[in-house]
Each structure stands twice: as structure tokens, then as C-alpha cells.
Amino acid sequence: MNAMTENKGSTLVAKPDQVVIPPTVAMKGEDVSVFYGAKQALFGVNLEIERNRVTSLIGPSGCGKSTFLRSLNRMNDTIDICRVTGRITLDGEDIYDKNLDVVELRARVGMVFQKPNPFPKSIFENVAYGPKIHGMVSTKAETEEIVVSSLRKAGLFEEVKDRLNEPGTGLSGGQQQRLCIARAIATKPEVLLMDEPCSALDPIATAIIEELIDELRENFTIVIVTHSMQQAARVSQKTAFFHLGKLIEEGVTEDIFTNPVNKQTQDYIMGRIG
Amino acid sequence: MVGYLFLTILVFSIAAFFVGRSAGNRFVATNGVSTHSLPGYHGAFVAVWVGVPALVLLLLWLMAQGSVIDNMLLSTLPATLTEAASAADKNLLLSEIKNVAAGRIFAEPTPEITAAAETLLRWQQIASWLMVVVVVAAMLLAMFFAYSRLAPRFRARNGVEAFTSGIMIACSIAAILTTIGIIASLIYESIEFFKLVPVHEFLFGLRWEPQIAIRADQVAGNGAFGAVPVFVGTIVIATIAMLVATPIGIFTAIYLTEYASDRVRNIIKPIMEILAGVPTVVYGFFAVLTVAPAIRGAGNLMGLATSPNSAIAAGGVMGIMIIPFISSLADDAIRAVPRSMRDGSLAMGATRAETMTKVLLPAALPGIMGGILLALSRAIGETMIVVMAAGLIATLNINPLDSVTTVTVQIVTLLIGDTSFDNPKTLAAFALGLVLFLVTLGLNVVALTIVRKYREQYD
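One line per chain: the protein sequences are A and B, in this order.
Residue numbering for the first sequence follows the numbering used here, starting at 16 and increasing by one per position.
Residue numbering for the second sequence follows the numbering used here, starting at 125 and increasing by one per position.
A hint or two may mislead.
A partial selection of chain B residues facing chain A, derived with a Cβ cut-off under 10 Å [to be verified]:
{"#": "1", "residue": "Ser385"}
{"#": "2", "residue": "Asp386"}
{"#": "3", "residue": "Val461"}
{"#": "4", "residue": "Pro462"}
{"#": "5", "residue": "Ser464"}
{"#": "6", "residue": "Met465"}
{"#": "7", "residue": "Arg466"}
{"#": "8", "residue": "Gly468"}
{"#": "9", "residue": "Ser469"}
{"#": "10", "residue": "Met472"}
{"#": "11", "residue": "Gly473"}
{"#": "12", "residue": "Ala474"}
{"#": "13", "residue": "Thr475"}
{"#": "14", "residue": "Glu478"}
{"#": "15", "residue": "Lys482"}
{"#": "16", "residue": "Pro486"}
Quick caveat, the hints were computed from the structure, so don't treat them as lab data.
Since we're looking at a predicted model, the values are computed, not measured.
From the three backbone atoms N, C-alpha and C, an ideal C-beta is built for every residue, glycine too.
Okay, chain B solo, but in the shape it has when bound (with noise of 0.2 Å):
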């Protein structure tokens, strides 16, 4: 039904496109060039006129149905069902009258029940047309009232523009107020963790032992929620990343910019790309399969006890997976460093090294170091290697060739298996993902305006 109604506002509104062009082209035939705007936007203003409203209208009915019908069902039942229940009762007893009415029956239910359920379909019913009757009067309504306003010295073509802002402004917010949920529902179930965990033994506790019991019949640890462990893992492999990362892309964005002649650039350049579209997921089966058996093999050689899941190879994948990034934003720096600086030092007898070592490097070391900060909080963030190639238990140490674990790592398998929003071991991966948060959100921010500022100095 609903499906159908979209489809109808969609029929109108073109419906209303080409009635609106045709008054248009009425007043053009009419008054010629000093009709104010194109036939089109006539037509566009109309077809808004009928289409938007009538859609919104939709939309909000559509939301609101539902609880006020529910609403409507529980006064009706009788008051020994509803009178003691808690709010979590009401809501299994209209999931209830919701299945029988869908017909989903499990067990024989009670005649109030099947009665309610009966009340559900009728109103439901009801609703449905009631809301195809509005949504059609309120097109025809807007229909009239736009097409009255037509007049050759309307100015329709300004009120499509306010229209086409309106929606910009509409995606823009969109994006925003995302963002604000996404911060709100992280913030909120941290909260909820803190209390159960007090915020000083998250951040300087020294154990990590999430895997508590959940149900009472489960065997578990006693729990202990001191991040410390982890944080040091994930600055482990996120150091050694950079460690890897840093140099090769920038000497590669170094040597692609000055030194690589155009053909040997454009075969280098896709090679690049390719690994910067490579899924996480490849570098990820990349690091367990080849690189960490190598890296244990050559660790033996030399007597050194290596772990299966070091987190050199974690960190060490990784730090090939982000460096396209350093090093287009290392190329892109270079690159805005003006022809003028080059050409200044070249005229005056420097080679190329010198002039990339005394001129070109310290003017676009803002802007480098603006891409490195963006590729270690994309390093600090990097879920799907560490949780394949790195390990699960949070020990304190910084030795490269033994296990670590990381921040994503514990998010990840925090929330796998059995879940329950009222137990510390779920609401830890929040307070994790709230920190993993704050860190990322000033390291890109410390990187945009280094780079921002970088690039006013040329301007």
C-alpha cells in the first residue's frame, strides 16, 4: 500500500510538471520575453509544490502510526493485563498481538489477545486509507495552490533555486546530525559502562580480562577492565606501521615527483592505486598467511622466540597498506611546493637533492607531516588486519615479536557471541570505541589544519 503511494506522489508530481510547463509555455506564447522564467521551472515549481509536501507528510504519518495505534490497543485492553505491567511487559504483550495478528502463532493465545489482535487489523486498515485519502487531498490541495500562483511575471525560476538549496542544506544536515548519533550513542552507553567501571581504572588499570559471564550458567573470569594493555598494543602496531609506512612513501612520493620520468610515473602511479584498493580483508589473509610464518621462520633462524600472530606482522602489513596514503599526500605536498621554488634553486647551481633536501622537503614538511598524522590515525583505526594477524590477549609489552592485541581488536571480539547492554563486558567495547574516537577525531584535526595552513602559504 505504502509502496503504491510513493509510486502516486511520484505519478503527480511529474503529472504536475507538465502541467505547470504547459502554463509556462502559455505565458511565453502570451507575453514572450518578459515572462520571468523558463516554462521548466514552472513546471519544476509545481511538480515540488505537489511532490515535497505530500512526501514529508508521508513520511511523518508513516512514523507516527505505529505508536499511536499502539497506544490506542493498550487502552482498550482490559486493565488487569495492562494495570501492573512494566514498560518492557506492555511492549511483549504488543509484539505479541502483533504476531497473532501477522499470524505467527506459537501458542494458544488468550481471547483478549486474539480480540486486540483483531482491533490491530481493523485500524490498521483504516489508517492505510485514511492516509492515502489525506496524502491525495493534500496533493490536490498543493496543486491548486501552486498552479494559482503561476503568472508570467512569477518568479518560479527563484523558487526552485531556494527549492534546490533547501535540499542541499537537507543532505549536508543529514550528514551532521548522523554524525551527532553516531557521538550521542557512543557517549551514552560509555556512560553506562562507567558506572559500572570507574573511568580512572579503564584508562590506568593494568589488566585486561573482559571475557566475564553474561548468564549465570556460564564460566567466566571475574573480569578486569584496565585498558592499559591495549592501548600500548595498538601503539605498537600502529608504531610499527608508521615505522614502515613513513619512509617508503615519502622517498617513493619524493622519486615520483622529481626524479621518475613521465613513463616510468604512469606505470607507478596505478601500481599505487591498486594497493590502495586492495580490501583490508586480503591484507589481512597477506599478513597471516605469508608474512607471519616468515617472519617466525626467520625469527627461529636467529634464535628469537617469535609468536605466531607477532605484532610485527600485523603492524608491518599495515604499514604497506597506508602507504599510498603517505605517499599521495606526500606527492600532493611536493607537488604544491611552487615550480618557482624549484626552478630558484636549481637556477642557482643546486642539484636535485639539494634541492629537494633544502627547498622542496622543508616547505611541504607541513603538509607531509599533515598526511602522516591522517595515515597513523587511519593506522590506530585499521580493524580487519589486527583482527586476523594480530593476537586476542591483552599482555603488557612492547616486544614487536610477540602477540599484542589492539583497541579495534578487543571492539570487535567484545561484541561477537552473546551480548547484553547491561553487563561491563558489551559496554566496554563503547568506552574503547569512545576512546578510539577522541583519538582519531584530534589526529585528523591536528592534520587538517597543519595542512590547511600549509596551503594559505602559497596563496
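Excised from the complex, chain A in its bound form (with noise of 0.2 Å):
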């Protein structure tokens, strides 16, 4: 596991053995409003995501927990009718700013969707998908290299060494959903977006992906949507609840479950709102 540990343009790196450091900001929202026409979905968001910490997003449904995420990697870009105002950054680099490379940028923050998503492609070519694209790879061994480490840090590579060149569509579930991560960090990403990876998962797909999200963190910063808050509370070192479109509170995951400072993030984490 630790052999993989490159992030690009940060200056710090936690390696399990080392001391903690404290933890630096890899992405960060100031006023972050958005808007679906005239539908104002997000009321100025400000959230700091810490590198190589796994987050959380709660709330109910509707919330903008999912909203605020996509906007992390622009994917909001793909809806019309959708705007964005406030400030985004990452490492400090404005991600809405209009000379930036939103495919760069994606490259840069990876994404993994609520629903398992393979391409109707092979395994391999599923993994190899990122890295073929943005150039990172120039030989065949070197494709086969980052497929198969990719596929190792997601915790699949063992299951299917034997069947690389099957379709990705005919694995299971919780096999699909870590097919969709080791392709989302084959691009070495910096973030990682999850958009409630284990909702459509049974409960032991969903233990392995937890479990995996925690050994993620030492090479990457990941960010979390759930509904589940058993979930947040295992997986996330810092939690933030959202509310109609607000940020609610925000804080250390042990401090928002166990001792919540709002009345709204109180009722929710005791079931009486969501």
C-alpha cells in the first residue's frame, strides 16, 4: 500500500508510520451558492476538506449534500440550467476559474456514483480507461502496471486476476463498485467524490467498501455522501450536515455524533428529521 503515494502538487504526505500531522486543507469552499434555474439548491457553503481525512456529507434527502459534492469536480457542468457562485479551490487554485481545465481538474478529483457504472468494456479496459486518456500511459506494461495496482488498492485484484479481459458489467455489485474506484484512482487523483458508493450494495459489499475507503485515505482525500450515519460514523474523520440547501454544522465526526452543538443536527442524528 505504500508504495503509491504521489500526489501531485501537494507538499505533504501522511504515511501510516509517520507522526499525525496536522491535517492541511486539500479542498476548500467559501460562499458557495448553487443555483438550478431559478432554484436555488446550495445557500453560501463554506466547508474545508482535509487532506488524506475522509469526510462526510449528511442530511436528508434534498439536502444538497450531492449537489455540493458534484460541484467539487464541476460535474454540475453537465446540467444546463446549472450555476455555480462563490469560490472553490483546490490546493488553492480556483476550480471555477475560466482558465482551468475542467478535465485536468477531474483527472485531479475522482468521482464514484451512487449506482455502480462500469463501461460496457472488459475489466481491464475499464481500469486502463483513465490513465489511456489522459496519456499516462504510453506501453502496454506500463497499462498493465497502473491497471493491476489500481485494482489492487481497491481490493479487487484477487478476485478477478483471472478474468481481466471479461466485461465489467457481469461482476456483482460490491465487485462493480470497486471496479469504479480502482478505475477512478488509476488516474492518481488528489480527491476522491463519493456519491453514496454503498447504497445500492448489501451489507457485506458495503463492509468491504467501507474497510476500504479507510485504507484509501493514506494516499488519498476523500469526500463522502451517505444517508447512512452508522456509515459516516465508522468511515469519516469529520462530518458535515447539511439541511434545505444549508450547512447545518460541521466538525469532528466524534464531536458532531456525540455531542452535536445545533438542534437540527441534533433531531437528524436522532431520526426525527430526514
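Assembling the complex is the task here: the two chains are given apart, and the hints tell you how they should meet.
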């Protein structure tokens, strides 16, 4: 696992055996508002995403947590009527800057979706997709190396090593989701966004993914949207609670779950709203 | 008379509906909610029982009446007229009698014929009155039967349901039977043709000169029925059409699904639909009057010998015609690729073009292939444009600037003018039709199989 630790543009890499260094900020949202046409979905959110930590975004359906997540790699751009205001930075660089290449941004901020969405290609081709389009590999051997190491990191390699040429769509749901994680980390992103990655999976597959998230934290900064508060408590170090498009409360996960400051947060965690 | 009878059946059915419904109302009034069916169902049940059997009876009667009377009439005629007569002669005799009976007299009829005509008129009168009596009696009987079954717990609703599904089955059977009938007539006439011209000569012969004499006084060639030049012509024109339509159609679909803004899409889509709605005969005008001269002019400029009705003009216009076909099916296929695929690829940092060529098109390819094959079968079967813009002479060549003819054109020309169904010229049309049918059927089956298989992929 320690073999791959090349976070581009970062000066600080946490290794498991090192003394814990105070977290640095990977991404930062300042006064982020998102509009879908005339409807405002997000109201002035300020949130810092800390490097090599898992930040979970929780809140009832329609609270804007997925919207915020999708604005972190500008996936909202694919929706015509969507407009983002405020400032979001990655390593201090405004990602909504006109001169920024969105294609490059998405290579640096990877994403895993709610429903596993492997391409209708072989397992190998699925993982090789990103490195190939970004010109990260030039020879077959390099491609193979990156595919194998990505699959290893996603904890899938042992299960699929004999059938790399079979279609990725033939895997089970949990395996498909790990394939999508392997695909996302193959481009060596700094940040990995996960939009309810376990909501379509059974409890066993979910447990495997959660374990995986914990391991991936060593090399990636992770932001996860989840409906399950237990999951947020299990996997994340930082939690942000959204309600009705507003960021209500954020902080260390333990504090949020044991000692929430805000009444709404408390209500949600106790299961009274949502 | 028959028209009034249909009206009577309708009136009776409506009356029966009200009778049944009032009975139903009565049940509801006395039994309340424990009545099984709503009053309307009681009404519909009686109406169906009164109307449908009577209608079926009437239709059967009308079908049988003619031939029954004909046979009876023939048996009354003197033996001198019918004894040695063939079936065709008997038919002639009968139609003469019918003509006389209807007052259409061309020559002075013999006394036997006049007498027979009178008999015919008398019998027809009797038959039609008898028909009225039988149908009305059947309706009254059915009304009595159906009404006697009505009761508070009677399941009129289920009865009406059974009738409704019966109607639906009958409708779908009608379509199937028609198809079977068409195929049967094609096959029957083709067999007749292959009795006159051997199959191998038809399928592999290189000369197509079907204009042979069908009457002794006509001047014509000896005839040759080798269909290869016709098939080749069809393939040439269909190929040109596909070469025009496939790239344009697919790129249009890609543009519309991935690149066009909603505003542009809302403009282009209806225009494509207009293209699909243009009558083929108008495309024919366009090919003959606009495209063909333009191509000829361009060919002359470049020093190429171009026929006035070149394959490229007909094929090109046909290609324009099937663009909407391909573009709308390709559009569907690309749209059917789940949004998550597109998002997945974009989230990997792929550009839209990369997403399209590496993920969406491969995923949509089977659907697009299906669309192309359907369009191809359409191109092969298309008639009007080629009748107007392609040639008539079957020459064996694949030069797109030359004139070629197609299967459909030949079918049309073979069946225009004097026809006689014991002559290979006419029958050849059916053999060509059969080949055309088999080819387009095959293409459609393959295309639909591909499309279906592909649909299952994401379900």
C-alpha cells in the first residue's frame, strides 16, 4: 500500500507510520451557492476538505449534499441550467476559473457514483480508461502495471485476476463498485468524491467498501455523501450536516455524533427529521 | 336491405344495453353493494349477446348466400347449357344471368337466360327477407337468453371482460391472417412462375428482358428472366443511399444528443420530422428534376459520362429520405445508454468527444446497427423514388453514374398495362416480390434481434 504515494502538487503526504501531522486543506468551498434554473439548491456553504481524511456529508434527501459534492469536480457543468457562485479551490487554485481545464480537474478530483457504473468494456479496459485518455501510459506494460496496482488498491485484484478480459458488467454489484473505485484511482487523483457509494449494495459488500475507504485514506483525500449515519460515523473523521441547502454544522465526526451543537443536527442524528 | 339490417342490429344492441342496465339498476336498488357488477356491465353484457352473434350470423349469411344461389341456379338450367361447360364457362353463364337480372343487357338473351334471371331475382328477394327474419329472431332469442341470466350475483363484469379480450385477440389475428394471406399469394404465384422459368435461371441469370408478348398480335422479344442485373441495381442504389444516410444520420444523432443545446435541438428535431414526413413521390420529383440534372451537369463538367437517370441521383435522394430513420434510431440508442455511463466517463476527465467515441458509441453500437439495418431494408423496398428517378433497362453494371434498375421498379413495370396471370412476364413480378420480401424480412429480423438484445443489456 505504501508503494504509491505521489500526490501531485501536495507537499505533505501522511504515511501510516509517521507521527500524525495536523491536517492541511485540500479543497475549500467559500460561500458556495448552486442554482438549478431559478431554484437555489445550495446557500452560501463554507467547508474545508482536509487532506488524507474522510469527510462525510450527511443530511436528509434533497438537502444539497450531493449538489455540493458534484460542484467539487464540476460535474454540475453537465447540467445546462446549473449555475455555481462563490469560490471552490483545490490546493488554493480556483476550480471555476476560466483558465482552468475542467478535464484536468476531473483527473485530479475523481468520482465514484451511487450506482456502480462500469463501462460495457472488459475489466482491464475499464481501469485503463482514465490513464489512456490522459496519456499517463504509453506502453502496454505501463498500462498493465497501473491497472494491476489500481485493482490491488481497490481490493479487487485477487478476485478478478483470471478474468481481466471479461466484461466489467458481469461482476457482482459490490465488485462493480470496487471496479469503479479502481477506475477512479487509476488516474491518481488527489481527491476522491463518493456519492452514496454503498446505497446499492448489500451489507457485506458495504462492509468491504467501508474498509477499503479507510485504507484509501492513506493516499487520497475522500469526500463521501451518505444516507447512513452509522457509515458516516464508521468511515469519516470529519462530518458536515446539510439541511435544506444550508450547511448546518461541521466538525470532527465524533463530536458531531456525540455532542452536536445545533438543534437540527441533533434532531437528524436522533432520527427525528429526514 | 343489408344496410338497414346492420342499423337494426345496432339499434337492438343499444336497446338491449338499456334493458340490461335497468335490470342492473334494479339489482343495485334491492341488493346494494352485494350486487356483483355495476349496472353498466349488465347492460353491456346483454348488448354484446344481442349484437355480436347477430352480426356474425349476418356476415356468414352474406358470404354463403351468393354461392348457394349460384349452385341452385345452375341446377335449374337446362342440361344443354351446363353439361359440357367448364368452370370458367359456368362463371360466364352466371355473370350473364346476373347482368340480365340487373338490367345490363348487351345482346338479346336466350329465353333460358331470361327465365333464369327471373328466378334469380325471385330467389334473391326471398333470401334477403329470410335473412332479416333469421337475424331478428336470433337477436330476440339472444336477448331472452342473456336477460334471463342476469341476477344480482351474476358476473356480468367478467363476461364483458372476456368479450373485450376476445375482441383484442380477433384484431391481432386479423393482422396475422392478412400477413399469411399475402405470403401465401406471393408464394403461390411465384411457384407458378418457377414452373415456367427455372429457379436457377431466375436467381443466377445475367439477362433480364421480361417484355414478352402476352397476346399473339404483340411484337416483343423472346424474354429472359435472369434477375441478377436487377439485384445488382438494387444493391447499387441501396449502397449509395446507405453511404449518404449512415454518416449523416449518426452524426446528426450524436450532435443532437450530446452537443446541441435544448434550443437548437428544439429547432432541428421538428425539421428532421418534416424530412420524415415528406411523401416519397415528392422525393421522386426532387430526384428527377433537381438532383439528376445537377449531377449530370457536374459529371459533364468533369468530363464523366453521366446518364440522365443515374443511380447516384436516385440513391442519393433515397439516402436523404432515410436520414431521419437512422438519426432517430441512433438518437434513441445513444439516449438509452444510462446517464451514469456518461457521467462516469466525464468524471474520469474525459472530454465529450472521448466520452462519445470510447463509451457511448460502443455501448449504443448494437442499437445503431439495428437502426441501420432497418433503414437498409427500407431502402431496398423503397419504390416511388426509384420508379421516378432510376432507370428501366436492366444492365449489369455497378457504375453509380450509369442508369440501373431495381427490383421494385421492375415489379411496377411488369404489372403496368396488359397483364395475364399465365404469363411469365406478370408472374415474374411475384417472384421478385418474394425475393424482396425474404430479404427485407431477414434484415428486419436480424435488426430487431440486435435491438432487443441490446435493450436487455441495461435492464
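Evaluated hints:
1. Ser385: 7 Å, holds
2. Asp386: 7 Å, holds
3. Val461: 9 Å, holds
4. Pro462: 7 Å, holds
5. Ser464: 4 Å, holds
6. Met465: 6 Å, holds
7. Arg466: 8 Å, holds
8. Gly468: 4 Å, holds
9. Ser469: Check passed: Cβ of B:Ser469 comes within 7 Å of chain A, closer than 10 Å.
10. Met472: Since chain A brings a Cβ to about 4 Å from B:Met472, closer than 10 Å, the hint holds.
11. Gly473: Status holds, d = 4 Å.
12. Ala474: Given a least distance of 5 Å, the restraint on B:Ala474 holds.
13. Thr475: 6 Å, holds
14. Glu478: 5 Å, holds
15. Lys482: 7 Å, holds
16. Pro486: The hint holds - B:Pro486 has a Cβ within 10 Å of chain A, the shortest such distance being about 7 Å.
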